[in-house]
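> In case you want the letters, here they are:
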Amino acid sequence: MTKNNNYIKRLIFSFLAVALIVIPASAFAAAPDGVKKDMLETGKKVYFKRCVWCHGVEGGGDGPSADRLFTRPRNFIQGTFKIRTTDSGELPMEQNLIDTVKNGLQGSAMPAWGEFLSENEIVSVVQFVKTLIQDRDFGDTDEEVNIQDFGTNPWGTKGPYHLGVPQADIDAGKEVFLKNKCFECHGGEGRGDGNPTMKDDWGFPIVAADWTQCWNFRGSRRDPYNPFNVVRTVSTGLNGTPMPNFKDQVTVEDRWKLAAFVNSLCPRKNIDKLTNKPIPDFLIQSVYTEGQVSPSIDDPSWQSPDTDSRIVAFPEEQAENPKRHYIAMAGQITRGKRNFDPKTDDLWVTSRWSAEDNAVYYLVEYHLRFMSQDPEYPDAVAIQWPAKLQDLFGAEKPYFIMGDSKKPVDIWKANFLPQDYSATNAPKPDGYKLDVKVEELVGFGIESVNAKESESKVQVVDSIFKQGRIKILFKRDLKTEGEFDVQIPTEKFIPISFMQWAGRDKEKDEHMAISTWYYTILKPALPQSLYYMPPIMAVVFVCFQGWLVWMTKRARKMYDEGKIRRDELPK
Amino acid sequence: MNKTLVSFLVFVVGLAVFHNAIFPIFTPKEIGWILNRYVYFLLFVAYLIITHFVLRLKPPIAMMGLFVWSIGFYFYKFVLYPPIPWTLFITYMVMWSIGTFLYISQDPETFREFRKPIVKTIVGEYKFAQIILLTAMPILVGFGTYKTIYPSYQEPVELRTVHPAPPATTKVHGKTYPLESTNNPFRVDEQDNYKDSFPFLDADKHEYMKYVTEGGTIFFQNCHYCHGDQLNGLGMFSHVFNPTPANFIDPGTIAMLQEAFIFWRVSKGGPGLPNESTPWSSAMPPWEEHLNTEEIWKVILFEYWYTGWHPRTFGTEGSEG
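Quick note, the sequences are listed as chains A and B, same order.
So in the working numbering, the last spot in the first sequence is 571, and the numbers never skip.
So in the working numbering, the last spot in the second sequence is 1321, and the numbers never skip.
Hint data in this document are derived by calculation from the structure and do not stem from the laboratory.
Among the hints, a few may not be true.
Derived pair list, reagent style BS3-like, types lysine-lysine, alpha-carbon separation capped at 25 Å [as the list claims (entries may be wrong)]:
1. B/K1195 x A/K102
2. B/K1205 x A/K273
3. A/K49 x B/K1205
4. A/K388 x A/K479
5. A/K466 x A/K407
6. A/K273 x B/K1171
7. A/K199 x A/K428
8. A/K37 x B/K1195
9. B/K1195 x B/K1171
10. A/K158 x B/K1029
11. A/K563 x B/K1058
12. B/K1210 x A/K45
13. A/K49 x A/K102
14. A/K457 x A/K337
15. B/K1116 x A/K557
16. B/K1120 x A/K553
17. B/K1120 x A/K563
18. A/K457 x A/K471
19. B/K1120 x A/K49
20. B/K1195 x A/K45
21. A/K44 x B/K1205
22. B/K1029 x A/K102
23. B/K1058 x B/K1003
24. A/K452 x A/K407
25. A/K553 x B/K1127
26. B/K1120 x A/K557
27. B/K1127 x A/K406
28. B/K1195 x B/K1205
29. A/K337 x B/K1195
30. A/K508 x A/K457
31. A/K406 x A/K466
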């Protein structure tokens, strides 16, 4: 392929680009962008310093990191790229690759390079990546790229994206979702729990995306709530994965409605600009409950949205409910047998306590696509506390991975197996009951974790696995007898952390997912003075105002009558 | 046109234009001597003074006081960077309000002039203003009381020493290393000679690049989850941990430390820290459990090569690459 030929192609392409603006709403064909040879030297330098560790010396996706990454780094040899604006199966546009390198692929190890490399370095490394492709050729005359038509955002929303989309369109989007059977892979409520047997083009297992964690969408482009991302995915499919395109089944207008629906499932949280994940709620607030706390997860008192109430206000009837706190989880890769492939990204924790009950309740929820049915490796989740809270001084805590020899931890662990379940079942709206077994452990470090000798006091009063979401409601008395039981005071900051084991992955002991130390606090009842002090203060102020008016008027009058003289002004 | 109104417009419209159009220009990614927020602020103040001078505007003293007070508010709330905590903001604003008051009451005439509209409002000569004020204030007071009594909690702030004093010696895999005099055995050449060399490709040609390649391999099998693929502390698990993993690009970590210090930190990890550095919550693994001594030295060599920093040597300051 001569340079000249390429140039003409690019000219034609530019012409077509102009044509696209003039004649909108039609996909058009062009040749892929060729390799800019003069940039290859810089590109190679960048690649071998920055990318080779994952993508490998020949671009085979077999760098040293590869065997411990799930999703594995991309093998470039086949020229298969997920995030494109071109039709299914086609090569991407150069700009697609540049955007990918700039923004990274969220939810995978592929980082965002936009702030780290210069524009020139990014464009150069993209050229170099193109030369690593062996099975296809960006300069091939047979290659054709058809840029898809995505229409425009019908509501004109520019973010925050929860505003301005009518509920009717979201409901219409749900119909499109049902009609096109997205749930077969993505599950009944979009948590990716539809199909456990999928493989990608390289033969590695793959699961469907969890729509309720849209910040992990590969193509989220660091703008996770933007419905355009979903429209693009549905229009182009993700090459190399089972995710198909729906451009013939779903009209462009309906794709936007579908996107609005998919988007509405993703809880609104404050997203950290650096990590592209929600900012953790480091203080878990346990709400004081009048009378008894309901032991049923379905009770209205336990219903609160996942959304941050500062972004979208809770509905009226849930305004007083405790909020769902976001707890970030990672594989335990610090000690012993490490877990590089955690199945859970986060937990959601809600808490209530009651003085009458003398008990505290923690509702722990997390998303899990598929449960284990193996009694030897049940799924499990645990809350970890300092066992001897009273002995800790200042900020001191036990070691966050199951304590240490001097400072033990108290671990409330729930092991559970689903009833009448199979991972390949169709979505079941009322969920699966769980057989739960509670263990109370005391940990002096990972080598020394044992069942407590004292009587078990922790109960799981309700539990369910529903549409890819596990819910476990823990209950315990505030004060207990056991030597290594945490004694839970009110109105005090108490360290708390969480652990989770995925049974299907044969996780057990320290091979698990873990959080760092958080705090929890049992908030007191609202003080009575909240109801009478504000009006009293207001009335006092009214009296003060009356006095002020009276005084000022009196002073006026005295001036006017000449009883007192105003201060003389200097001439 | 009424000069008071003109002055008011000069202020309000000017602030809107400055804040929305000119402020962004003065807050670029890379801050310069001219293009920074404080120069912007001075420009805004200069604009106010000059327009008032040129147009010969003399707004009443009450309005001048309002302008002065608002400028202070604007500065502390929007211009000052990094943003200050709420309590400090209140303190500054109290000081600024006192200053404004002094400005108003500089002589009896201005003070009287300032008082006039207030007195007129109170006695009811400005009926409308009086009604609004007398009803709004008690409501605000009640609301403020509610806000103050309503219990709200924020997680405790915890301070930790990031770089504690290291021990004199450290024992790794049965061998004792004095931190004062231990060097990286794989630093066989001057690092800067290999700035543009390729890991893997040049590993056979240069011994140094062989070690860098091996160190990088270890890094990308073990460390990048936390310290990030770019060594900037933003790995895929980094958001989970508190304290957050160290950012090696930052001049405040490996750039100012000796390699022996790093060797101690990498070998002993979080649990090896003294209490003032919160060993209980550091996710940093004690790598002696997973790596041998040579691997630890190689990954340290790699970190310096990748970031371009030079380790601090005994008796000298750390230097830039």
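> Against each hint, give a clear statement of whether it holds in the structure.
Going through the hints against the structure:
1. B/K1195 x A/K102: Holds, because 24 Å separates the two Cα atoms, which is no more than 25 Å.
2. B/K1205 x A/K273: Outside the cut-off at roughly 41 Å; violated.
3. A/K49 x B/K1205: It holds: about 17 Å lies between the C-alpha atoms, which stays within 25 Å.
4. A/K388 x A/K479: holds, 13 Å
5. A/K466 x A/K407: Answer violated: A/K466 to A/K407 is near 37 Å, above 25 Å.
6. A/K273 x B/K1171: The hint is violated at about 40 Å.
7. A/K199 x A/K428: holds, 24 Å
8. A/K37 x B/K1195: holds, 23 Å
9. B/K1195 x B/K1171: violated, 33 Å
10. A/K158 x B/K1029: Judged against 25 Å, a Cα distance of about 23 Å means the pair holds.
11. A/K563 x B/K1058: Since the Cα atoms of A/K563 and B/K1058 sit roughly 35 Å apart, the hinted pair is violated (cutoff 25 Å).
12. B/K1210 x A/K45: Holds: B/K1210 and A/K45 sit about 17 Å apart, inside 25 Å.
13. A/K49 x A/K102: Between A/K49 and A/K102 the Cα gap is close to 17 Å, so the pair holds against 25 Å.
14. A/K457 x A/K337: violated, 30 Å
15. B/K1116 x A/K557: Holds, at about 15 Å.
16. B/K1120 x A/K553: holds, 10 Å
17. B/K1120 x A/K563: holds, 20 Å
18. A/K457 x A/K471: holds, 20 Å
19. B/K1120 x A/K49: Violated - the C-alpha atoms of A/K49 and B/K1120 are around 75 Å apart, more than 25 Å.
20. B/K1195 x A/K45: Cα-Cα ~10 Å, so holds.
21. A/K44 x B/K1205: Status holds; Cα separation ~18 Å.
22. B/K1029 x A/K102: Status holds; Cα separation ~17 Å.
23. B/K1058 x B/K1003: holds, 7 Å
24. A/K452 x A/K407: holds, 15 Å
25. A/K553 x B/K1127: holds, 14 Å
26. B/K1120 x A/K557: Roughly 13 Å separates the two Cα atoms, so the pair holds.
27. B/K1127 x A/K406: violated, 73 Å
28. B/K1195 x B/K1205: holds, 15 Å
29. A/K337 x B/K1195: violated, 36 Å
30. A/K508 x A/K457: holds, 23 Å
31. A/K406 x A/K466: violated, 40 Å
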